[in-house]
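Asks: Using the hints, put the two chains back together into the complex; each one sits in its own frame.
The chain contents come next:
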Amino acid sequence: MEALRTTKPKVRMSNSTLLFIIAGIIFLLMYGFALISFPGSFLQFQTFFDLFNFNAALFIVTLGMCIVMIAGGIDISVGAVCGLVTMACAMLLQSGAGDVWGALLLALGIGLAFGLMHGYLIAYLEIQPFIITLAGMFLAQGLLTTLHKDPLNVTKPAFVALRNFTIEIPWLGTVNRLGVFIPCEIKPGVFVVLVLVILYAVLMKWSRFGRNVYAVGGNIQSARMLGINVKKTLFLSYVICGLTAGIGGFVFLMTTGAGNIGNGALFEIKAIAANVMGGILLNGGVGNLLGAPIGTLTLLTINELIRAAGVQSNLQAIVSGLLLYLFIVLQSIVMSLRSGRKFRLTLPPWLKPHRLPEEKEAGNQG
Amino acid sequence: MPKLKAHFDRLSHLFLPLSVLVILILINLVKGADYFKITMVNGAFYGNIPNILFGAAELVILAIGMTLVTAASRGQDISIGEIGAIASAIFVQYVLRAGSAVTLWTILVGFLISCVAGLLIGAFNGTLVSFFGVQPMVATLILFLGGRSIAFIIDGKVSPILANEISNRIGTVIPGVPIQTPIILTAVFIAIVVLVLKTTNLRLYVEAVGINPNAARLNGIDPKKIIFLTFLIMGVCSAVAGFIAVNKAGRHDSVNLLKFIMMDAILAVALGGNSLGGGKFSITGSIIGAYTIEILNRTLLRLEVNPEAIKAFKAVFIIILMVIASPVVRAFARKVWDKVKTFVTGFSMRKSVGLNKTVFSMADRAAGKKEE
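Quick mapping for you: the protein sequence lines, in order, are chains A and B. Heads up: the first sequence begins at 1 in my numbering, then just goes up one per residue. Heads up: the second sequence begins at 367 in my numbering, then just goes up one per residue.
Just chain B, same shape as in the assembly (with noise of 0.2 Å):
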């Protein structure tokens, strides 16, 4: 039992994405039984979980590294759009420049390059926040401004168009291959962060830096390095999502590819569980966090929602959904249930020890003459 306990303890924290999870796909199942319907068309899978899967990609990618940023350095990073737009312009004129002959080999190198660009452009906010002490979404707020623009020097001509087979096949699916390759990409993606949380100190530093930054300095954790470091792999992230999406397109929007993103992303965070304000985080509840997003979006697109009304009822969810779980109404909520517990065994206890009750009311008695 103890055991038991313990291990439900360490998933509370799932308990708020997961019951958000959980009530929407009722809701889609009210709407329609036949939401859990996958059929095959052309040997891939189609259906709402697939297409949920699929639409969500890039999202996970940029939750994962938004959670880590948040809990390292107490703040946001409100530029991932714009750096998923550069590192995917720069991967899209690596591929152009190719010509008609593109190969797997030229994706990839194109890919590396892009995520190299991620890197730098993460160092560069990562140096304002770390070194210089500049709060995270003001050093981001210049990229935020400043990225798209750079984004489209970079394309020279308005959207050119990625078309090649292979990036076609990375943005829709691979023949023979019944699963959508943004998924796959996503689960590789997610299987690497697992590996190196599980195999290096990276989560307790992160930690340790988000909770006290002057206390993990004594212990011998560098914050301004960890901090550097989170808002690099911040900027990996967002080179993935930008491929990653501008394989889905096909084409590179500078204006458009990931735009607004990061409120997604943050919202993600903050679903699954964890604190805006830094400290212990829960990269399952950011994942499970951004897939609920996908699902309520989609979700409001199926109860057939006027379209332009989308983003008030998506507003009054996610506020519903904050005061459930804010700590004030947990407290109370507890307090009530503790209540009805004591009343409970109180009931139960005077029935089993009715004898005991008139002492007990005669020493009320006794007390309450003496407090006179």
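Just chain A, same shape as in the assembly (with noise of 0.2 Å):
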């Protein structure tokens, strides 16, 4: 024990990074698995960039909801938000009053102005965030009702390049039946996802806000006694969500070029789940940022491999449930399992691992 002593100092691993990491080797058995069962699809590498192309307002959405989540709140408005976001911008391209400038700062002023009011009313006014959220929500999808009913597809030229704007990559590509090389395509909401999930890495891992908002997520009552500003990290933190949640929705008109009542529909939802798949715990404290789009990219692997299997519709639904059934299963199995003391899942006593003493003790202080 000595000599073992002297040489490294084992650091337990936290939570966040166990679970991040658990879900990254989820991510590759899926894929993987989608590789070997369905090699004519998932092996092109259009197929991998194509869930990115057309799902980058879902990332974008579940990063906000990740800070939030960490924090240890829950914004059930960002998908409601997201697209109120593209039918106010389709208006505004459409009417010719703005240009695609014009239209990116009201998706922003949108967003902000959604953050900032979620965010006064659960940080300073100590409102439930689930209710308040559930106003939002209610609120943007009442709004977007009444703006405009029917779908409205923009046709603003200069909207249209942006949205037809692709970027190739030469030398990434599948040669197709006739010996014509296509050349992988990526649109340029991706370069936002990518800027984004940087950015927000970087926040939550070196930033003081980012240490801020996992002490507030953990244990809201020791922060304070910290002396952090608890009621300024939440607010920030539903700030930076609607404002993330705005930016989804340009996103989103960039990818389909249409408002639609639809849009955006159930992506709280979505994004909760990719959350919690990417390890992102919804009692707070727990969770690394980039388990968000590793949590999206598994979502979107699963609906990818239900519809390449081409089962009935409504059995997808079901299959996408007991997947996300026996990865929560999962999480929670190795959750409890490391934490000895707190061992929540009654096993039978045959069934309980055998501990040492000393061990139980290390337990206790982790």
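In silico lysine-lysine, BS3-like type, Cα no more than 30 Å apart, as pairs:
| hint | chain 1 | residue 1 | chain 2 | residue 2 |
| --- | --- | --- | --- | --- |
| 1 | B | Lys705 | A | Lys231 |
| 2 | B | Lys590 | B | Lys564 |
| 3 | A | Lys231 | B | Lys646 |
| 4 | B | Lys625 | B | Lys646 |
| 5 | A | Lys149 | B | Lys625 |
| 6 | A | Lys149 | B | Lys397 |
| 7 | A | Lys231 | B | Lys701 |
| 8 | B | Lys646 | B | Lys590 |
| 9 | B | Lys564 | B | Lys646 |
| 10 | B | Lys591 | B | Lys564 |
| 11 | B | Lys705 | A | Lys232 |
| 12 | B | Lys614 | B | Lys625 |
| 13 | A | Lys232 | B | Lys701 |
| 14 | B | Lys614 | B | Lys523 |
| 15 | A | Lys232 | B | Lys646 |
Short derived list, chain B residues pointing at chain A, Cβ under 7 Å:
| hint | residue |
| --- | --- |
| 16 | Val500 |
| 17 | Gln501 |
| 18 | Ile519 |
| 19 | Lys677 |
| 20 | Ala678 |
| 21 | Ala681 |
| 22 | Pro693 |
Read the hints as simulated data drawn from the structure, not as lab findings. Bear in mind the structure is a predicted one, so any value in this text is a computation, not a measurement. A virtual CB, placed ideally from N, CA and C, is assigned to each residue, including glycine.
Replies: Written out as structure tokens, the structure is:
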């Protein structure tokens, strides 16, 4: 034992890292399974890029939700805000009053307004986040249907150019049956996702705000005793989430090019599911921000897999629910096996892992 | 007097839902004085109040279950609409199996089977939450995603129709009884819940677990069992709500039956003055909250608000309400009230003991000098 201790002090892996690693492994396993079972579609790079191309908005929304979830809150208005932004921007572009930059500003403005409202009401007036963001969701949906009921296609040339703009990767692609080389295409929305992922990951990992968010989410009382401005941290987390939802809405419009009532529907649920798959707990204080894109990728891969398997559309929902179930149970078992003291799963005595007293002490300290 | 004050304190948590109710009724009375008018049509009561009681039947039942789940598990069940859809799909299939010879017995057995289905689904959610320690919202997300598809598969074809006399009577009105049947069923359900809460220790245990699960465990209450139990109750509540909803509609539409009702149910719990973070709860508050939401919906329709904008108005109303009821604003109001009170009492004191005023001021001056 002495020899072991002198070589290197063992650092216990944090829960966030562990859950992130599990999420990563599951994604790799899932994608590997997809590659083996449907090599025709999944072996093409374009399939992988299309996951990003067509779901960039979901990735972005999930990032914002991730920060709020780490702070121990929830924001279920993101999908509705996203939809509202697409419709408002589409109307602005169609009316001819504003150009693309104006639409971007409007998107950011709407997102910021919702974020400020949620943040102020939740952080400074101490109202329950679920109810306030539920009201925000109703408000956004109501405004959306009031603005315009029918689908609105944007035909402004400048925007259409932006929508159709794709970046081709010359050295990556597939050769089709006729022998023509088709390079992979990436939409500009993917770059927004990349920039935001890097920005938020840096923010959560190395900035004071990021550490404060973890502290507040972990234990609000002790964060307060450490002198952290809890209210400001919570406020900022909701503002960022709202702003991100606004950006997500603009990217959504950039992908589909039309404002529609159904835009961004159920994004909040998908974002929560993706975050849970990425190892970010709803309790708060646990999770790696990079888990959000990994979780979203897992969710999308599952959907693609089910679609490729060609099962009935009703079975699709059931299968994705079952996979989510397996995932949640696995996460829970790993977490409970890890913390011997807080052993949540009640196994029969002969199944309980035998633990040495020393280990137990270590577990208690950790 | 002290007895009265204690009584008032006990009812203080109902201040929020009741005041909202009063405001809404006042708005309705301003719009038209015939709000409370009840007419007899074909031997049954019709009017605004029976309509509200009729429309909110499922929501009230779900709000009761949601209150218990929220209080014990500190989270919300978002799959209640889906549980209702699955349970009622099973009920409809059982009734349709019987063919044309549907008796009261068939309906009753079908109802009991759907309740058992609700129990099983509740057990599924409850196992995840209590034994695996998953947050309730995440655990119920699974059924939220897949539940309607299960109901659809049970249905077999798109929205089977419940065309029999008894279902029709359960959904609307029994000849000879002046009150609509869903209202009676809701009343019976509330009575059962009240009876259970009065005769058993359920309330005490649920509150103990919700306030502090560890302390509850040390006192010999198993939090896992209690949380599991609340999810079972939630399952039964959802099954009953599904039963009423499907009989009202007369057909089983697996896509739209009880759609997004969990939002309203959670809102009813919050409007009832309950904390969504668990702990003490008030079933009365939740029931009033549920009826309030129904009245709010109908009021917006009555005020001829654009149907597209109804949700936005609802949101503004909820936000204003939650701001008024928020702890910070309440504390601020109390502080202002105390200041007013001290000012008034001080003013009256100065009036009565004007002689001492000079003494006080001299003492103040002396104290001030010392500090300098």
